[in-house]
Every structure is written in structure tokens, then in C-alpha cells.
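Participant: As you go down the protein sequences, you meet chains A and B in turn. Per my numbering, the very first residue in the first sequence carries number 133; after that it's consecutive. Per my numbering, the very first residue in the second sequence carries number 361; after that it's consecutive.
None of these hints come from the bench; they were simulated from the model. Note that the Cβ used here is the ideal one computed from N, Cα and C, for glycine as well. Just to be clear, a hint being listed does not mean it is correct.
Only pairs whose alpha carbons sit at most 30 angstroms apart, straight line, appear in this in silico DSSO-like list of lysine-lysine [said to hold, decoys possible]: (1) B/LYS539 to A/LYS518; (2) A/LYS471 to A/LYS534; (3) B/LYS493 to A/LYS518; (4) B/LYS493 to A/LYS467.
Sample of chain B residues with no beta-carbon within 10 angstroms of chain A, all distances over it, derived [as the list claims (entries may be wrong)]: (5) CYS433; (6) ASP437; (7) GLU440; (8) LYS445; (9) VAL481; (10) LYS494; (11) ASP567; (12) ILE598.
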Amino acid sequence: MNRLSILLIALLPVAAVAQDTTTVKGEQLQEVIVNANNAQRRLGSVQIGAEQIQMKDLTSPPALFGEVDVMRSVQLLPGVKSESDASSSFQVRGGRSAQNGILYDEAPVYSIGHLAGLFSAFNDNALAAATLYKGLVPAQFGSATASVFDIIGRTGRTDRWGGNVSIGLLSAKGSIEGPVVKDKLGLLFNIRRSYADLFLKMTDYRDNSLYFFDTNLKLDYKINERNRMFLSFFASHDKTALSETADMRWTNLAGSLSWLHQFRGQSTSQTTLFASSYDTDNGISFLGMNIAYLGHIRHAGLRQNFRLVFGKHELNTGLQSMLTDVKSAEWTRWKNYEKEQRKAWDNSAWLNWQYTPVKQLSLSAGVRFTAFSALGGPYYYEIDDKGNITWIYQRSKNKPVKTHMTIEPRLSMVYQPTEQWSIKAGYSRISQNIHALRNQNTSTPFDRYTISSNLVKPEVSDQVSLGLFYMTPTQDYDFSLEGYYRHVDNVLDYRDGVSFASAIEIERLVLAGEGRGYGAEFCARKNTGRLTGWLSYTLSWSQTRIDGISQGQWYDANNDRRHDINIVATYQLNDAWTLNATWVYNSGQAFTAPSAKYQIVDNFIYYYAERNGYRAPDYHRLDVSATWSKKLKSGKLTREWSFGIYNLYNRYNPFLIRFEDSQYGRGTKAKQYSLFGIVPSVSFNLKF
Amino acid sequence: MKKSILFLSSFISLFCSCEKEIDIDYREVNSLYVAEASITQDGTTVKLSKTQNITDNSRQNHNIEGATVVLSCKKWDIEETLTEKGSGVYTSTLKGQPGATYNIDIEIDGKHFTSSSTMQVAPVMNSFRFVWKKMLTERFLFADLRIQDTPDENSYYFMHIYRNNVGYRWAVMNDENNKNGELQQLFQCTTERDMDKGDSDALQDGDNIRLEIRSIDKLSYDYLYSMQVMDNAGTNPIANFTGGCLGYFSAYHIITYRYTFRRNEVEEE
Chain A
133 MNRLSILLIA LLPVAAVAQD TTTVKGEQLQ EVIVNANNAQ RRLGSVQIGA
183 EQIQMKDLTS PPALFGEVDV MRSVQLLPGV KSESDASSSF QVRGGRSAQN
233 GILYDEAPVY SIGHLAGLFS AFNDNALAAA TLYKGLVPAQ FGSATASVFD
283 IIGRTGRTDR WGGNVSIGLL SAKGSIEGPV VKDKLGLLFN IRRSYADLFL
333 KMTDYRDNSL YFFDTNLKLD YKINERNRMF LSFFASHDKT ALSETADMRW
383 TNLAGSLSWL HQFRGQSTSQ TTLFASSYDT DNGISFLGMN IAYLGHIRHA
433 GLRQNFRLVF GKHELNTGLQ SMLTDVKSAE WTRWKNYEKE QRKAWDNSAW
483 LNWQYTPVKQ LSLSAGVRFT AFSALGGPYY YEIDDKGNIT WIYQRSKNKP
533 VKTHMTIEPR LSMVYQPTEQ WSIKAGYSRI SQNIHALRNQ NTSTPFDRYT
583 ISSNLVKPEV SDQVSLGLFY MTPTQDYDFS LEGYYRHVDN VLDYRDGVSF
633 ASAIEIERLV LAGEGRGYGA EFCARKNTGR LTGWLSYTLS WSQTRIDGIS
683 QGQWYDANND RRHDINIVAT YQLNDAWTLN ATWVYNSGQA FTAPSAKYQI
733 VDNFIYYYAE RNGYRAPDYH RLDVSATWSK KLKSGKLTRE WSFGIYNLYN
783 RYNPFLIRFE DSQYGRGTKA KQYSLFGIVP SVSFNLKF
Chain B
361 MKKSILFLSS FISLFCSCEK EIDIDYREVN SLYVAEASIT QDGTTVKLSK
411 TQNITDNSRQ NHNIEGATVV LSCKKWDIEE TLTEKGSGVY TSTLKGQPGA
461 TYNIDIEIDG KHFTSSSTMQ VAPVMNSFRF VWKKMLTERF LFADLRIQDT
511 PDENSYYFMH IYRNNVGYRW AVMNDENNKN GELQQLFQCT TERDMDKGDS
561 DALQDGDNIR LEIRSIDKLS YDYLYSMQVM DNAGTNPIAN FTGGCLGYFS
611 AYHIITYRYT FRRNEVEEE
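Same shape as in the complex, but just chain B:
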């Protein structure tokens, strides 16, 4: 679980004199449904699964088969049942239109879970770079992303860095800090020392980096923001679906940027 919480990991490593693994006697709970649903400019995808116990470290399949997923949009008078593709994935070729609000209804074992989201216009990326920043005697690697805010709207963004097709760092932000101007998101990636050690979490030469930027609506932002801050507070993200289903539904416009990480191309502050 990696997020873009600036300084937290550095704070812990700087001020704590010792870390060790401890045993916890976890209490098991009944599994819950989880939905991650999206409609973009390219199509519609819904992934359904169940929670797994915290001590379950197997590769066991937790996907949900046999659900009925219906997507609708009053503005365009659309109602479509998604096609089950296996492995808990349900899809449709239905493409999102900016300004339209989409509703989703998921039926699993006779229970209905609903949510809605409004499609946004495409985000605009200004720049993306990796940069070294020295703090105390340690050099930290940051990814520095700049986005041009969508004018005259309250805008929300979700940014996700993949490393070799595995989620690496993500964050959400809104445009309150510079409306209609350039917005900045910094991701703390690793330290020079960990990179030298070949730490599994540290970027290495030749890593394939994929950056996704989504323009999302406020409901999706609230959900993802709450997920971003929950790790420190030990709380769950706020509900996005009715009925107790975990996860969220988001109508968003996405742009993608690909990059091969080269250590000698990292900029100095």
C-alpha cells in the first residue's frame, strides 16, 4: 500500500530509533463486497471482488461472478447491462460524455448497491519530472507533476504512477490552491540509499513508468481523498456506494503518459 504521503516515512525513519515486526492476533470478519467501477471516454469497466482476511496471503481468487451491473444516464436516456467477462470484470462499450451524470446499480445475491458520478473534461498535463531533494544528509527522489487546471470549474484530479504495470504511488488533489492556473503534485518515491541498496520499493534504471491522470468529480474525489488520509487515522474511506459495498464509481476522463526511468536523467533541485 503506497501513497503519496509526504514526509511521513521520512519522519518515521529519522526520529524512530528502532523498528520491529510484532505479532497481532487478528479477529476475522465476514467478507464484504468491493466494487471499482468506471466509465471513461473509452468505455465502461466494473471490477467486483470480496475482501480477504488480513492474514490471507494466498493467491486465492476473490472475484465475484454472476452479478448484474446496470449503467444508466438520464441525460442520454441510456440504460445498459454490462457484459460479464470473467474474473469479476464486467464491461460495456458505453463511453462517457463530459457533463453527463451516470448511475450504476450492482446486484449481487439479490442485494442492490448504487452510486452515481458525473463525467469531466480531459485533464491537461504541463510537465512531469523526477528530481532529487536533499534533507538532512539523505537524498530523496521525488516525482514532480504539474497539471493545468480546467478553467472556470471546480476541478478534481486523481494521479497514479505505475511502475512496471504495478501501482506505485497515487494521490488526489483539487484546484483550490491555484484555480485556473498550474497545479502541482509531488510524490515521494525513494531515497538514494535505498536505490543503491536495490530496495524492492526503489525505482531502478529501466523501470517502465506509466502515469495516469484522471479528471474526476467531487464524489469520487471525496472517496479517494478519504482513502488517502485513512491510513494515518485507521478509518475506512467514506461510503460511495449505497448498501455497504466498499469501493467507488467514477466517471472520468483519463490521459496517460509513459516514461522509462533513467537515474542519470533525474534532475537536481
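Just chain A, with the same shape it has in the complex:
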């Protein structure tokens, strides 16, 4: 194990506390304690492919470095895969992580997590509930072809002031919540900051930086019985620097102001102003070389949704208007400065009708209309087959250059012949107009983004799904089996022989293709008793086809792997001790290996005959944790110790496979590099 790994382990972790209560989306004026039986909800909800998640479920699994991470926990759900050991980003049903739309209190956010994505910037203390729509979504949501992850921030308690502090060795966090104005204005404030940079100052690494921070603020103002305002703010920042040589910084900001009005009955109106920004700033400077790369995605918009309930009918209708600003790159390389930045006006309207004609049957049907206009101001161009620019033009500032309109039908239904059984089916079409490009499998701050334009068409996915659900009469256990087929058009990938820095004009570097994924997901859950948890198994295929690659034939995508098994268990030993364990198994991930070699420029070069035609070794690991929790005599203070071990049996799983030759091209070796061996963690938490 190398020195930096040892250092990181030495600087280890902190854990956090699961929430006692969770509030759900402000579609109702009353703060709701989610106590409905999960099994019943899974069985009876009309939307297939939706995982309604309570933070308590997702914060109990053992965590890498002890940093409880909702994004890593989501990877344990059926149909959801991790990108890699190095990433908290997840992939859904064969899609890529860049095809996930993440909403934080209605504002779109882009999730490069802390430490270059090692774990997410979402502090579990700040979260209430989340729903993961695995490609099948009601019409209120859009702009993401693989999944929508709708995260709701927690509101502060209004009965008394409280909070918690949590101290580990990697980071510390604290929160405070309470009634600013009793029964009127509640506040929740969270902050988390890394410790690593402070420790680095005491070591040989003192000139380096490994710093992150995030904060959340939520205000909840009850104007009267029918009106309520929410203000939500989220910020995260990372800085990783190698002395004065290399510097990577990235920042996420998101804010929303929401007004919730309740009409007579159950009908509501929600009006939300939101803005978000994701900025990257990377630089290298040494020995006379000076390189700086910047990029950003920014949004500002207004969203209006009406939820109208008439007897057995429920309508969700609304519209959203959003300005989008994407800087695909701005770089300075020695004396060369270039920038590509474009703006767009993104409008959408939706209507979703949910109807329950009889107790056994519910239907949800909707349509979403999207008009996405790339705006004038910067240069647009035409290119030839090889990516060379053939024509450049410039339209007046903010005048639409090209408008893409998509109509997206949505359908889902559930038939529940008995209390124990249900069958669900659904279809969704969904478009996405922000495209991410990356040379590697995982998301990094060097990813480039672009918008749909005169050259780039919206990515459009279609998915059908069918599911069978069963719950035991006592509701102690429930089982689900879902199958899906997904097809997506206009997926961008880099051309052969270019990198993200080959040209500032990103459209010159990409080719459009199509993708498809299909598979089955099985999940068995135990909901009651001392031992709870779930076992999930995913059987899946993910393929890509791009003209010019593999003779235009379908080939396995680089995120294709056949079998995923997750076992998550929580055992309540007694009032003080809770034990958790997670076992993850993934069959080998697709990767490209050379088929032959030859000599050019006095070096041996590999020849690749098939894209992603080989399989990496299987991945598996066991994580365990134990939490001791005790209330002090006053009853207002709770102490909690968490001890965890990530990768208990110290298996070195594949992170990267590279091929190396001897100096004379003989003895080709495949070398597997692993990221983490066994990683212990400990943290202390105090709730008040």
C-alpha cells in the first residue's frame, strides 16, 4: 500500500447519524412523518421503476472512510451500478452517470463529489427523502435519459432547538436546527469541512492541499394554513493541489425559493425559482509549462406545478422556463487562450393524469413537451465528416440559432388483484440536452459538457418495463421482479484519436451513436424484526453502436457487466448496538484489450480488434460497521460511536487494467491496479 493511501487511512473518517424523521416533498402543507409501510408503497405505487428512498435506509450501510454517502448507498439498489471504486456516481439500467438528472430541492445539480468524486457532496444530515426514477418518470420530470434522482432537503424542527456535531479524522460536520419564530419559521443549517488539509500541514505533504467543504441551509416559513415558503441553499467546494504544480478546484452551488399553496381539498400549487452552478477550475504549472482549464454549467429558472385532485383523478400540470449556460472549456495553454461558451433557453410544459378507477387498478399517463433553443452570440459552425470546420457563423446575441422540440409520452399502471400481489407496466420517452463527454469511464473534473445545437441533437431515450411484486401477508417480506428494455438515440462519444483537449470546438471531437440496455432486476426485502435489509440481483446488458466504430455494429458498452448482487443487512443487537453489513458482487466489467502488436517509431504499438471485448476480473467486497448509540440521562443528548471496515477481507478489486511490454516488445503483461484494500474507520457523533 503506498504512502498516500496510508496517509488517507490515517486521516480517516467520520460517520453520521441517520435522521429520526424525514419530511417528504412539499406537496402537502403538513410536515409528514413518513411512516407508511414501505412494502405497501412499493407494491401499490403506480410508477414502475421508481425507488422511493428514505434516508434512514440509505445511511445505514457501512461507508467508505466512514463518510455516509447517499450516492454510494443508491448503488446498492437493483438496477443501479457504481461507476468504480473511485466514484460516488451511479449508473442506471445501462445508462451513464452523466445521463442521470439530479435535483436538489428542484434545482438541477451536477455531482462531482468530494475528492474528485470519491464520495458525494450531499451531507446526509441535510437530506429528508429521495426518489430515484429509473428511466420511467412521470411527466413532471425530464432532461435526463437514464434516471432522475429527486432529492428533498430536510426542514428544521419547529418545536425546539437542536442539532448535532460529528467528528472524524477526515472531516467534521455540524448542524443546528430549530424555530427561528416558533411555529412559523424553522431553520436547518449544516456544514461539513475536511480535516485532511490541516493534517497535511504537519507532514511532508505540507505544500499540498486536500480540502473540501459543503453546507446546506433550509428555511421553512409557514405564512398561514394554506401558504408556505421554502428557501433552500446548497454549496460545496473542493480543492486538491499538488504543491504549486497542479491544482483542481470544483464548486457546486444550488438555491431555490419555493412557494407552496394549498387549494381547498388536496390540490396544491408550487412555484419555484431556482438557480445552480457547477464550476471546474484545473491548472498545471511547472518547469515553464502553464495550463489552465475551466468549465461550467449554470442554470436559472422558474418552475410552476399544479397538483389538482378531483376524486379518483389527480392531475399534475405545469411549466418550466430555464436559462442554461454551458462553458465546454476555457483554457490557457502557454500563450494560447481559447473559450467555448454557449447559452440556451430551455422550456418545457407537462400534463400528467393519474386515475384510480377501482381499488385494484391505477393508471398514470402524461406528456411532456420540451423546446430547447441554442442561443446566438458565440460562434456556431458546420463541420465535415472528419470534424474539420467548413463554415462559421454568428447570430445576434440571444436569438435562437436552433430549436429542438421533443414530445415525450409517459405511461405507467399498476394492477393489484390482491393485497399481496401487483403487476406494473410502463413506458417513458425522455430527452436530454446537456451532453457530457469523457475519455475515461468515470466522471472527473476534466469532463466536458455541451448543449444541443445546430450539430448536436437531443439525446432521446425510450424505455419499457414490466414488473411483478409480492408481499407476504404479514408484510415482513416483499419481493419484486422487474424487466426493462431501453433504447437511447444521439449519444455522443469522442471520435477515435482525439482527447478532450484536442480542440476547443467540442462538436468537432464527437460522434453520435445509439445505445440500448435490457435486463432484469430481482429484489427481496426483509422489513421487520431485528434483522432487516435486502438482497438484490441485476442481470443486464448494455450496448452501443456508433458509425465508424466496430464496423458500425453493436458492441458492449464499457459499463456493461452481466451480474450484480448486493446484500444489505442491519441487525439491531440491543438498544445500544446496531450492526450493519454489505456484500457487493459484480461480474467482470467490459474493457478493451489488445489483439496484436506491431512496431512503429521504434516502439511497440497495440492493435485493438474489438471494443470492450474482454472482461475484467470479478469485483466483490464485504463492508461491516457497528454503531453504539446511547441517550444521556437528560434524554436530550445522544452519543454515538461508529466503527466500520470497508473491504473487510482486503480484496484488491480491479480499478484499472493497463498493458505493458518489456523494452523490446516481448512479454506483454496485463496489469491490474486496485484502489482500496481494507479501510477501517471510526467516528463520534453527538446529537442534542
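Starting from the structure of chain A, add chain B where the hints point.
Facilitator: Below, chain B without anything else, positioned relative to chain A:
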């Protein structure tokens, strides 16, 4: 296979906790033709060979004999068939003239493979040095090359460091980062620790260093650049020859610099 990918090897060694060799059941493919063809200010050379299986670690000869190689240039109304010299090498005394575009036609077993390239003017080297750079607690050895850009042209360069006559590090660059000014290329060579250990890839006192700098045209640059980035993406270089022959043809002007590596002469940053 060594290239000048900055930081990649350092990143892997810094952040990965374990590396091990794994077995792969490679699938064999039919061998393909490979051509490396050049015309310079000194003459013309073409090397023809075939790919070998990835598991083939023998010293078996993969050269192509009996091919017909024709070089032509419309500007100078030249068409010449190269002479076969054995070991898959075909040569001619034909010398490249700056500004002239040369076409090559290679016939192997009745199949024709063609390419073309335009000769460039001579490159100008400003300086070359070895220098230590400390990152975290490790000291890395870099070779720092500075080239004076050819004025008023879109210029492309190929740079190759040989160590004891064996290819060691190479890179390509264009002049976009400082047109008409000084261009810089850094090559990450080794670490002080590997040098102390006597690692086979680490430079040692007395090593003969030969630096070649070529001014190349855009087609050659595109090919070599794609070869430079392919290692990470697992893709092949873009085609330079028609017909499916691997490799490339380049008309270039070359300068050479020789140096004996002395550790005590390495500069500190």
C-alpha cells in the same frame, strides 16, 4: 511502449494501493500489414511488416518481402520504385523538397495501399535539458525540450528520445500554444527512486541519448497524435493509409542532437 503522458504513471503509482499481473485469454486475429514510410532531406525509407499476436513473444521475423513500393511527386514529375534491401526495408536516394507533396503506393500480394504527405522545412531546437521536479515526496526526472516555431505556418512536430539506440520517449505537438514563438515539450522520464534502484526504465549515467526532432505535416501529426492518445482510450490510431494498412507515411525534415546522460548534470527546478 513508452510515451510522454505526463502524470499518468505518477497518478497510478500515487493513488493505487496495489498492482498485480492478471491472466487474459487473448483471442488471436489475422495479421495485418504495417508500413512506416518516410521521405526526408536525406533519402527515402519504407519498412514493411505484419502485426504479431499479442502472446507472440518470440524474435520471429515479421517483415514483408517482395512488395512493390512506388513514390511519386507531381510537382517534380517524379515516379520511382524503391529498392528492396531485405528485412522488409525498401529505400531510395530520393530526397524530399520542402513544399512538395509526395504520394506512396505500396503493393503487397496484389493489394494496393496509398498515402501522401507534404515535406516541411527544417525545425529549430532552442534548448534541451534534464531537470528534477519534486511532487509530493518523490523527485521526478523530466526532459525539457524547447523548439522555435517555424514562422507564419501551421507547424507540427514529432520528437523522439532514444536511449542507447532504443526508443525511449516520444511526443507530437503543434504550434497552437505559441505561434511563431518558443514551444515546449516535457517528457516524464523516471523517478529518483527508480534511478537509485537501477530500474531498467530509468536513465543511468553514461546512457547515450539521441534526440530527433521532425517537422511533419498535418496528416502525419493527426496519425501520431491519435497514437499518442490511444493508449488510454483503447482505440487504434486513425488510418493514414487507404486499404486497411496500419502505420503512416510522412515527409519530414529531421534534426538530431546527441547527448551523454550525466546524473550530476541534471538541473534542479
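Participant: Does each hint fit the structure? Answer for all of them.
Facilitator: Now for the hints, and whether the structure bears them out:
no.	hint	verdict
1	B/LYS539 to A/LYS518	24 angstroms, holds
2	A/LYS471 to A/LYS534	21 angstroms, holds
3	B/LYS493 to A/LYS518	39 angstroms, violated
4	B/LYS493 to A/LYS467	22 angstroms, holds
5	CYS433	24 angstroms, holds
6	ASP437	30 angstroms, holds
7	GLU440	24 angstroms, holds
8	LYS445	17 angstroms, holds
9	VAL481	21 angstroms, holds
10	LYS494	8 angstroms, violated
11	ASP567	13 angstroms, holds
12	ILE598	4 angstroms, violated
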